[in-house]
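Colleague: What follows is each chain in one-letter form.
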Amino acid sequence: MVEGDLREGYSRRRRKRGRRAADWWAWRQVLGSRPLESRRTVRRANGRGRTLGGGWIEDLRSVVRRVRHRPAVAAAVSATVAVAVGATTAVFSVVNGVLLRPLDFPEPDRLVAAWQTNPEWMDHSSLMLRNFARRFPLSVPTFNDWQEANTGLESVGIVTFEDRTWQRPDRAENISTLAVTHGIFEVLAVPPAMGRVLLPDDDRPGASAVAVLSHGFWLDRLGGSADVLGTGITLDGTPHSVIGVMPPGFAVPGFEGAELWTSRPEGQKAGARDSQSFTAIGRLEPGATVASLEAELGALQDRLSERYPDEQQDFGANVEGLLEAEVGGVQTTLWFLLGSVGLVLAIACLNIANILSVTGIARRQELAVRAALGAERGRLVRGLLVESAALAIFGGLIGVVLAAVALPGLTGLLPPSLPRVESVAMDSTVLVFGVAVTTVTAMFVGILPALRAARVDPGQAMAEGARAVAGGSGGRARAALVVAEVALAFTLLVGAGLLSRSYVNLSTEERGFPTAGLAVMSVSPDVEGYGNEEEARAARRQFGMELHDRLRALPAMRISGSNQVPLSGSTSVTSVDIELADRTLVEDASVLITVVFPDYLDVMGIPLLQGRALAEADGEQAEQVAVVNEALANAYWAGETAIGRRIRDAEREEWRTVVGVVGDVRHQSIREPAEPKIYLPASQSRRTIDQWILRADDPATALSRAREVVAELSPTTSVRREVILDDRIAQSMALPRFRTLFVVSLAGLATVLALLGVYGVVAFSVVQRTREVALRLALGARDREVVGTTLTEGLKLCVTGLVLGAAITVSGGRVLESFLYDLPTLDPVTYLLVTVVVALVGLAAGYVPARRASRVDPMTVLKSQ
Amino acid sequence: MAKTDHLGEFEQLALLAVMRLGEDAYGARIQEELDRTAAREASISAIYITLTRLEEKGMVRSWKALPTDERGGRARRYFAVEPEGVVALDEARQRLLCMWDGLESALDAAAGSAGGDGT
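Protein sequence lines, in the order shown, are assigned to chains L and C. Under the working numbering, the first sequence has 213 at position 197, and the numbering climbs by one with no breaks. Under the working numbering, the second sequence has 101 at position 86, and the numbering climbs by one with no breaks.
Fair warning: there could be bad hints in the mix.
Facing chain L, according to a computed beta carbon distance under 8 Å, are these residues of chain C, among others [as the list claims (entries may be wrong)]: (1) Gln46; (2) Arg55; (3) Ser58; (4) Arg91.
Not everything, but these chain C residues come out facing chain L in the computed CB check (under 10 Å) [stated by the list, open to error]: (5) Ala53; (6) Glu56; (7) Ile59; (8) Ile62; (9) Asp116.
Here are the simulated distance ranges between beta carbons [stated by the list, open to error]: (10) C:Ala125 - L:Thr876: 26 to 36 Å; (11) L:Gly394 - C:Gly23: 20 to 30 Å; (12) L:Lys812 - C:Gln109: 52 to 62 Å.
Just so you know, the hints here were simulated from the structure itself, not pulled from any lab data. The beta carbon of each residue, even a glycine, is placed where N, CA and C say it ideally should be.
Chain C extracted, bound-state conformation:
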C-alpha cells in the first residue's frame, strides 16, 4: 500500500542488514551487523520499532523460531525482506545516486571534511 513511501536512513540500514544476514536475520544479529558493518550502535527496541513499522508497510515479514537456552528460553523472531522492500531499497539507492551524480569531483576538492546526514 505504500509503494511510494520513502525510506529513512535507519530503515534502509535495517533492511540492508536483514538482507545481508539472509536466514540468520534476528534481533541480536541485526544489531551486531549494524554495529560491525555500518558502525551504527542501535538499541534492540529501536530495531524492532523500525522493522515492525516496515512489516506494517509490507516490506518485511517475520516469524518465530523455537526458543533456545542461550536466550533464557525465549524465541527468536526472524525477519526477511519482501519484494516490496527490495523495490523500496532500490528506489532509495537510485535517488541517492542521481543526487550524487557529478558531485564526486567537488567531494574530492573538499578533501578531508567529513560528510553529514543523507536525509
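Chain L with its partners taken away, still in its complex shape:
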C-alpha cells in the first residue's frame, strides 16, 4: 500500500520537477519512514487481535533499515565482533584440540601413566631435575613388582624411547623406536592394520626379537609391500622379525614420532633394578581412580624401599591421567592464551556497548516520538536488543567462519613442541563454543544501551533534543565502560610487557660459550660381534680415535669430542667425593661429568679462569687430573684457590687433582643456572666419547661432511643425532616466543580498542558540549584552556582505568609467575612503561576532539542554537 503511494508520488514528481528532485524526495521518504508498529500497538492496547510473530519480523526489518541508514556503525560493530569472536574461537579450537578432546582410544578416561618419584631431586633448584624426579623412570624389576602386586590396573605395560641403528644392506640409518612390553598394546586396545601386535610370549626371556611397524615406516621406507610380515629387520646388529603393521596415525601418547615398536631387547641390563628408563602406561580397572592407584602404588613403593634400600630408598609413585601427562606441560600456557584473547573479546564488547549507547542517545528523540505515538517501552527495548543482537550475531558468524579459515594458518604458527597439534580442528565443540560466545556477546553489547533507552522520558527528550546528555548519568555509564576497557587493556599490556622483558632476559642470558656455528653429532659405533664388554669398549675407543683423526682432516671446521655437550640435550650427572680445604670430605656430591678431548674447551670457547687447561700430555699413565667450573669451585672452595684440590668420582677410581678452573656454561637449558661440573681427559676415563662437536661457518654443511666420514669409516654405524646448537636453542624458546608474540599482539589490539573507546567518549562529549564551549570562548576563554579541559577528560578516564587495571594485575599477576624468567611479576620498569603508554593513549585519544573543540566558532554555534 505504502509502496504504491510512494511509486505514484515519485512518478508524479518526476513528471513535474525532474528526476533529481524525485530521487531526493524518495530518499527523504525512505529515511523518514517508520515501521507501522503503532497500529499494532494500539490494537493490542485496545485488546483487539494479536500480531503474527509478535512483531519480530518488523523488528528485523527495522534493523535492515537502520543498517542502510547508518552503515558505518553497523560495519564497525559487526567487524569488531567478527575479529574478537574469530580470535577467541580460533584459540579455543587449539585449547579444545590439545587439552579437551579425549585421546583417540577406547575408553580414554581410564588410561593412566605412572612413574616413580625420586626424593633426591624433588627439591632441586633446577626445574628440569625437579620434573625428572617427579616422573622418574622405572626399571624392569620394579615394573614386574608393580604387575605382581595386582593394583587397580586392568592391564599395564612399559615403554621407552630408543634411537637404534637400522642396518640395511647398503648403509646404516638412525631411526627412532620404542621398546615396549605387550601390555602397551593391550592397554591402548588398537588392533593392527596387518599381522599382530606383541603378545605375552614375546616378553618371555629367550623369546626372539620382534618388531611392529608404524604405517608411515612400512609405506615410505619399505614400499608398503604386502608380504612384509615375517621378514627381518636388523636393529643395532640384532635381527627382528616383523610381526605387524599399525594403522595410520597410531602413536603411544607422549611417545609420538616412533617409527616402529620392538619387544624389550634382551641383554639391555634388563634385570638391573637401578637401570631405570621406562614409563608405565596402564588401563584402570572399573571403579579405580588415579588417586586410588597412586595410593596403592605408593604403599607398594614403601615396601620396595625397605627391601631395596640401595636402588630405590624413599622412592614413591606418581600416577597421572594419560591425557594430562601428555599435555600437562602446556596446559597453563594454553588456558592463559585463551584468557588473554577473552580479555580482548571483553574489551571489544565494552567498545561496542559504548558505540551502541552513543547511537542510542542520538536516537533518543526518535525513541521518544515512538513512545509518544504509543509504542510500549518493552517493545522499544526489544527493538534495540534485536538490533544489537542482529549486528553481533552477524559479526559472530563471520568470526566463526574467519576462525575456520584462519585455523590452518594459526596451527602452522604454533610451536612444534606443542603436543597433539594434529587434533586441532573445527569440530562440533568448537562450533558450539563459537555460537555460545556470540550469543553472550550479543546479549552483553545490547543490554546496557537498551536499558538506558528504556528510561527515556519522552517529554524531556523532545525538549532537550539530542544535545543535553553531557554530564548526565548516560555520560557516566559510558565513562564507566571506557574505564573498564582501559583497565583490561592495561592488564594485557602489563602481561605483554612482562613476557617481553622475560623473553629478552632469556635470549640475552649469558650461555658461557659462543653457540653460533656450533653443531653436535652423536655417533654410537657398531660393536656387535665383540665377545665381551672389555673388547667392545676397546673397539669403541679405537673407533673414536680414528673418527677423531679423520674428522680433523676435514677443511673449514674445528672439531672435538665429549660425552655430553651443553644445550644439546645430553646430560650425565654423577656423584663425586670432594676434598675440602680442611681435608674433610663431601661425599656423593652431585655434579655434571664431562669427558673431553684436550682441545674441547678451546673449540667450545669456554674461558680458562685459573690454572691450566687439559693437554695432550694428560695421558692414561700421567697424573690423574680434572678441570672444574667456577660454580663447583665456588660451592666447595669459596675464597680459596681450587688448584691442587682433590676429587674422586663415583667409580671410586683414584683421586684426581684439580689443575684448572674454567667459566660456567648453561648446560641443561638456558633457563637453568650453571651447575657444578668437572671436565676429565678422555684418555683418563672409562666413559666413551660419542658426541662430536663441529665449529664451522656453515654448521649444516659441516655436519653432512662429517656424516660422510662416519659412513666411510663404518658402513654399519649410523649418526644417532645431529644438532645445530642455535636451532635447538631457538626450538627451546619457541613456546615462550609464541606466548610473548601472541600476548603482545593482543595487547596491541586491546590498546587500539581502548584508544578508540576513549576517543569516542571524549569526542562525543565535545559534540554535546559545543554550545558550552562556544559560550566559554565567547566569554574570553583561550584555545589552550579549552584544549586543556578536553585533554584532562581523556586523561581522567585513562588514569581511573589504570588504577583499576593495576589492582587487577597486582592481585592476579601470579598467573604469569611460571612464565617469567628472572623477572618479578611486579617488575617496576614494566609497570612504569605501561603507565606511560596508557597515559599517551589518553592524551592521543583526547587530542583530536580537543583541537576540534578549540576551533569552534562561537558566533556560528550560538546563532544556530
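With the hints as your guide, set chain C onto chain L.
Modeller: Just chain C, lined up with the frame of chain L:
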C-alpha cells in the same frame, strides 16, 4: 468508543485533508494536499500510521480500489471521514476558538513574531 478523545494537530490536519479531497482521498494525494495547503511535509508512513489509528477510533473508514499501472500494480487505499471524526474535528475547532477569544488584539500588538505549536 473514544468520543472524548482529543485530536492532535497532525490528526486534525490529516482528517481535514481527507475531507477536502472528498472521493480522491488516498495516501499520495493526502500527502500532496498536506504539503500544498498546510505546508506540512509528512512521510507516507506517518500519514498511514495516523489514519490507521483514527480508523481504530472509528473516526475514518478505508477501502481498497483496483490496482493501477502508475502504482506498479498496487491498489489505492481510499479514506473517508466518519461522523465521529467530524464531531471530533468540530470539538477541536471549538476549543481552539474559545482559547483564541479576546486574544486577537494582543496578537496584533506583538506583530511580526511568529506563532508556535497549538498543542
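Colleague: Let me know if the C-beta of isoleucine 59 (chain C) comes in closer than 10 Å to any C-beta of chain L, holds or violated.
Modeller: At 5 Å from the nearest chain L Cβ, isoleucine 59 (chain C) passes the 10 Å test, so the hint holds.
Colleague: Between lysine 812 (chain L) and glutamine 109 (chain C), is the Cβ distance one that fits in 52 to 62 Å?
Modeller: 59 Å, holds
Colleague: Tell me if glutamine 46 (chain C) is really an interface residue toward chain L, meaning its C-beta lies closer than 8 Å to one of theirs.
Modeller: This hint holds: glutamine 46 (chain C) lies near chain L, its Cβ roughly 6 Å from the closest one there, short of 8 Å.
Colleague: Against chain L, is aspartate 116 (chain C) within 10 Å by beta-carbon distance?
Modeller: 28 Å, violated
Colleague: Quick check on the hint: isoleucine 62 (chain C) CB to chain L CB, less than 10 Å?
Modeller: 8 Å, holds
Colleague: Quick one: are glycine 394 (chain L) and glycine 23 (chain C) within 20 to 30 Å, going by C-beta?
Modeller: 24 Å, holds
Colleague: The hint names arginine 55 (chain C) as touching chain L; please verify it with the least Cβ-Cβ distance against 8 Å.
Modeller: Where the cut-off is 8 Å and the nearest Cβ of chain L is about 13 Å from arginine 55 (chain C), the hint is violated.
Colleague: Answer holds if the nearest beta-carbon of chain L is closer than 8 Å to that of arginine 91 (chain C); otherwise answer violated.
Modeller: 7 Å, holds
Colleague: Quick one, is the alanine 53 (chain C) hint okay against chain L at 10 Å, beta carbons?
Modeller: 17 Å, violated
Colleague: So the hint says 26 to 36 Å: do the beta-carbon atoms of alanine 125 (chain C) and threonine 876 (chain L) match that?
Modeller: 29 Å, holds
Colleague: Return the status of the interface hint for glutamate 56 (chain C): holds when the least beta-carbon distance to chain L is below 10 Å, violated otherwise.
Modeller: 8 Å, holds
Colleague: Does the interface hint hold: is serine 58 (chain C) within less than 8 Å of chain L, judged Cβ to Cβ?
Modeller: 4 Å, holds
The structure fails hints 2, 5 and 9 (numbered hints given earlier, in ascending order).
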